[in-house]
Amino acid sequence: DTTVKQNPRYKLARVGKPVNLICSQTMNHDTMYWYQKKPNQAPKLLLFYYDKILNREADTFEKFQSSRPNNSFCSLYIGSAGLEYSAMYLCASSPTGGNQDTQYFGPGTRLLVL
Amino acid sequence: QQKVQQSPESLSVPEGGMASLNCTSSDRNFQYFWWYRQHSGEGPKALMSIFSDGDKKEGRFTAHLNKASLHVSLHIRDSQPSDSALYFCAAREGGGRALIFGTGTTVSVSP
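Chain order of the listed sequences is A and B.
Heads up: the first sequence runs through residues 1 to 114, numbered per the working numbering.
Heads up: the second sequence runs through residues 1 to 111, numbered per the working numbering.
The shape of chain A in the complex, shown without the other chains (with noise of 0.2 Å):
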């Protein structure tokens, strides 16, 4: 079983308000990724957990937050929501995080910031 699941699928969330996103895989895989995608654009990695260190890009560590309480459980955390952030964010997990590993994708949760 390859299934990584999200919640919710779907949000809507108030311009300065928090939002808190979760993602839950039972492979035991190591590394769990968050990528954001807007329309016409490619996926886009925010941060990724290989065990419990956290490794967040550049050019968005201010924006975004996680915490990884155990092995299946990841969440992805916007302090203070703006238009910006309105976009699909996807949850991945990969078995080591190694240069030949797949990554499998959940469903998704569609964010709309008003």
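Keep in mind that the hints were calculated from the coordinates and are not lab data.
Check the hints yourself; a few may be wrong.
Under the rule of at most 27 Å between Cα atoms (straight-line distance), these lysine-lysine pairs were calculated in the DSSO-like manner [said to hold, decoys possible]:
{"no.": "1", "chain 1": "B", "residue 1": "Lys67", "chain 2": "A", "residue 2": "Lys52"}
{"no.": "2", "chain 1": "B", "residue 1": "Lys57", "chain 2": "B", "residue 2": "Lys45"}
{"no.": "3", "chain 1": "B", "residue 1": "Lys45", "chain 2": "B", "residue 2": "Lys67"}
{"no.": "4", "chain 1": "B", "residue 1": "Lys67", "chain 2": "A", "residue 2": "Lys44"}
Some chain A residues well away from chain B (every beta-carbon gap over 10 Å; in silico) [as the list claims (entries may be wrong)]:
{"no.": "5", "residue": "Asn20"}
{"no.": "6", "residue": "Asn71"}
{"no.": "7", "residue": "Tyr77"}
{"no.": "8", "residue": "Gly108"}
{"no.": "9", "residue": "Leu112"}
Idealized CB from N, CA, C, for every residue including glycine.
Given the coordinates of chain A, work out where chain B should sit on it, guided by the hints.
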């Protein structure tokens, strides 16, 4: 500049026909390539990976990689309506964890 570029943006194919998708990278550090397929309402699903120059065939799908020209392609033989989806090319550097995606090719297969 987009490091992974896909063409065409969209493609219409008759059922039973051949669909050909292209992907070119601008970074010679990319060593590993994937094709992902995303149906509406779902997340991207890995179709196949290719890491060595040449062809790799899995069922009706054939990927071709030429590292010298930084080009990877995907060919779908005997296209089916269920192949209608958004197809992404993704690349990774050796030692890197991030997948760098292209913007995708929308394939429509008409009965």
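We went through each hint and held it up to the structure:
no.: 1; hint: B/Lys67 x A/Lys52; in the structure: violated, 34 Å
no.: 2; hint: B/Lys57 x B/Lys45; in the structure: holds, 17 Å
no.: 3; hint: B/Lys45 x B/Lys67; in the structure: holds, 24 Å
no.: 4; hint: B/Lys67 x A/Lys44; in the structure: holds, 23 Å
no.: 5; hint: Asn20; in the structure: holds, 19 Å
no.: 6; hint: Asn71; in the structure: holds, 17 Å
no.: 7; hint: Tyr77; in the structure: holds, 20 Å
no.: 8; hint: Gly108; in the structure: violated, 5 Å
no.: 9; hint: Leu112; in the structure: holds, 16 Å
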